[in-house]
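Q: If you read the protein sequences in the order shown, they are chains A and B.
0 is the number of the first residue of the first sequence in numbering that gives the first Met the number 0; add one for each residue after it.
0 is the number of the first residue of the second sequence in numbering that gives the first Met the number 0; add one for each residue after it.
One or more of the hints may lead you astray.
Claimed, not checked - Examples of chain A residues lying across from chain B (beta carbon under 8 angstroms, computed):
#1 R220
#2 Q223
#3 S234
#4 A238
#5 V240
In case anyone wonders, no lab produced these hints; they're calculated from the structure.
Idealized CB from N, CA, C, for every residue including glycine.
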Amino acid sequence: MTTDTGNETGRPPGSAGDEAGPDNERGGAPPVDPDGRLARLWSDANKPTLLMVGVTVLLFAMLGLASPDFLTFANLSNLATQIAPIVIVGVAMTFVITSGQIDLSVGSTIAFVAAISAELLVAGLDSSLVIVLGVLAGAGWGLVNGWLAAYNNIPPFIVTLATMSIIRGVALLRTEGFSVPIDNRLLLAQIGSTDVLGFSIAAWLALVVAVIGAILLNHTRFGQYVTGIGSNEESVRRAGVNTRRVKMFALVLTGAMAGLAGLLIAARLGSGSANSAEAFELTVIAAVVLGGTNLFGGRGTIVGTVIGAVITGAIANGLTLLGMSPFLTPIITGCVLILAIWLNLRGRDIAQLTGHLLGRRE
Amino acid sequence: MADESPLVELRGIRKSFGAVTSLAGVELTLGRGEVLGLVGDNGAGKSTLMKVLAGAIQHDSGEILVDGESVRFASPAAARRKGIGIVYQDLALCDTLDVASNLFLGREPRRGPFIDRAAMHAEAGRILRDLHVRVPSTRQEIGRLSGGQRQTVAIARAVSTQPDVLILDEPTAALAVAEVEQVLRLIADVATRGVGVILITHRLQDLFRVCHRITVMYEGRSVDNALVSQLDTNSLVDMITRANATDADKEAASDH
Numbered sequence: 000m001t002t003d004t005g006n007e008t009g010r011p012p013g014s015a016g017d018e019a020g021p022d023n024e025r026g027g028a029p030p031v032d033p034d035g036r037l038a039r040l041w042s043d044a045n046k047p048t049l050l051m052v053g054v055t056v057l058l059f060a061m062l063g064l065a066s067p068d069f070l071t072f073a074n075l076s077n078l079a080t081q082i083a084p085i086v087i088v089g090v091a092m093t094f095v096i097t098s099g100q101i102d103l104s105v106g107s108t109i110a111f112v113a114a115i116s117a118e119l120l121v122a123g124l125d126s127s128l129v130i131v132l133g134v135l136a137g138a139g140w141g142l143v144n145g146w147l148a149a150y151n152n153i154p155p156f157i158v159t160l161a162t163m164s165i166i167r168g169v170a171l172l173r174t175e176g177f178s179v180p181i182d183n184r185l186l187l188a189q190i191g192s193t194d195v196l197g198f199s200i201a202a203w204l205a206l207v208v209a210v211i212g213a214i215l216l217n218h219t220r221f222g223q224y225v226t227g228i229g230s231n232e233e234s235v236r237r238a239g240v241n242t243r244r245v246k247m248f249a250l251v252l253t254g255a256m257a258g259l260a261g262l263l264i265a266a267r268l269g270s271g272s273a274n275s276a277e278a279f280e281l282t283v284i285a286a287v288v289l290g291g292t293n294l295f296g297g298r299g300t301i302v303g304t305v306i307g308a309v310i311t312g313a314i315a316n317g318l319t320l321l322g323m324s325p326f327l328t329p330i331i332t333g334c335v336l337i338l339a340i341w342l343n344l345r346g347r348d349i350a351q352l353t354g355h356l357l358g359r360r361e
Numbered sequence: 000m001a002d003e004s005p006l007v008e009l010r011g012i013r014k015s016f017g018a019v020t021s022l023a024g025v026e027l028t029l030g031r032g033e034v035l036g037l038v039g040d041n042g043a044g045k046s047t048l049m050k051v052l053a054g055a056i057q058h059d060s061g062e063i064l065v066d067g068e069s070v071r072f073a074s075p076a077a078a079r080r081k082g083i084g085i086v087y088q089d090l091a092l093c094d095t096l097d098v099a100s101n102l103f104l105g106r107e108p109r110r111g112p113f114i115d116r117a118a119m120h121a122e123a124g125r126i127l128r129d130l131h132v133r134v135p136s137t138r139q140e141i142g143r144l145s146g147g148q149r150q151t152v153a154i155a156r157a158v159s160t161q162p163d164v165l166i167l168d169e170p171t172a173a174l175a176v177a178e179v180e181q182v183l184r185l186i187a188d189v190a191t192r193g194v195g196v197i198l199i200t201h202r203l204q205d206l207f208r209v210c211h212r213i214t215v216m217y218e219g220r221s222v223d224n225a226l227v228s229q230l231d232t233n234s235l236v237d238m239i240t241r242a243n244a245t246d247a248d249k250e251a252a253s254d255h
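Okay, chain A solo, but in the shape it has when bound:
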């Protein structure tokens, strides 16, 4: 790519006549980095994320030693499939948490979309249409959350706590708690059982979502405003940004991605149940926070979220391989969440966090 002067939109007045303005002409303020590239990389790096990379390596080594099956390709591919929904929803949740919000309703949205899409398939709708409707339904619930939280100033913690109950409730009411089987000849069921290059379609989708998420967060105005709003919403608002729309869109993202995850889970299980993805929001939040995204907002990392998902997934996977009870998983997840929050607070106390989540201004 050439470094043309690209004087298109957004340039402030007075920037004309600036020919690819090099950083190195020494004038008043030298914005060249003073202590070398490595030092800057280190100072820019998200320390909690780096720590988690180390934890992941250690965890994989320990599980590999404890169980010879853990580090096999088959199991790692299986692990990728298991964590795909966590990554997909976690990427969207990274935007929500970075903007200083929270979304507790994602598990319910997954169950809703899984159950309703299975019903729609039974009713004879085409898979491709059901996939589109499933993602749209998730986005629709996200829109409800976003409208209530961003435009009506109800703390997102409260809004999504309520919709968490409502959304699953609607799905339960529809299905009366029964799981709805999906004919395995249908495209959606095929998606759940097809492998591409050794990995499931869900795993590849998770990778795509993570890449798009990282670009969105780091290289677009939307990502910039999400970070800015989490840091100081009033500043971003005064800069002329429609902060409510940005906050609402973040919640629409979690809704849509929960819809996608719901479709993938239904596809993998071959049925849709209003009881699926119980406590899923906790796993996702644990993954995001574990990865280094700040619970107070203002700092988010997609790479960290993927690492966080890998850690939570590897623990559950490893426990199964070691022959432990699967019922240990929720206990471990809860403990990991507490540990992650404890690491994340870094000097601030839990009272500030509850104050923040309940929408009190600091």
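Got chain A; can you put chain B on it based on the hints?
A: Chain B only, in chain A's frame:
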């Protein structure tokens, strides 16, 4: 400031919040390239007046003239369009974003759908160099800068939108001595470019350093107006505290 129509003229500005009269008829003029000190005790209405001029709140009665044209600002954006920039006391910076991101917040240069970071940092470096603002790097997070550096970045941001009027609310409060110098130099620099600057401050030494003229507010009114060259510290303190005003004057002022 020897222009026929002043850059800004405020006539009889009044503003009440419920039963509380915050502004009870304020007169103020500002010329091009002039630095006007706006002084007065806490609660005299300085900040409220500036919020009116910046469109953040709307006055009840009175007239705002910019370049001799009567205007009424419905929003901060409307005031900005008329060339009025303001740096609030809380600076409105995002601590976790870097210097360039804060400078361009809300108007980031783009290449297609993406932020053009290279252009943004180059342009930010140019703006800061232009104003002799020193920061370690435009990639530095704002939260890691000193108070003075943050202040100068906030002022640089306001200046980079090329305002005709720049309002600064207590820019030197809580800064170290060397940092105050940097900010004052920046103010003088901006004024020599023809920008009219209104400086709200409690620091009298700042007034003598950079201001050409001062307007004194007391109890929601503008009560005095004097050239700084004709003042010394004592007479200025007397003006602010209204030491020479008779009790009757004070009562008249506080009747509102």
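Q: Broken hints, numbered, in rising order?
A: none
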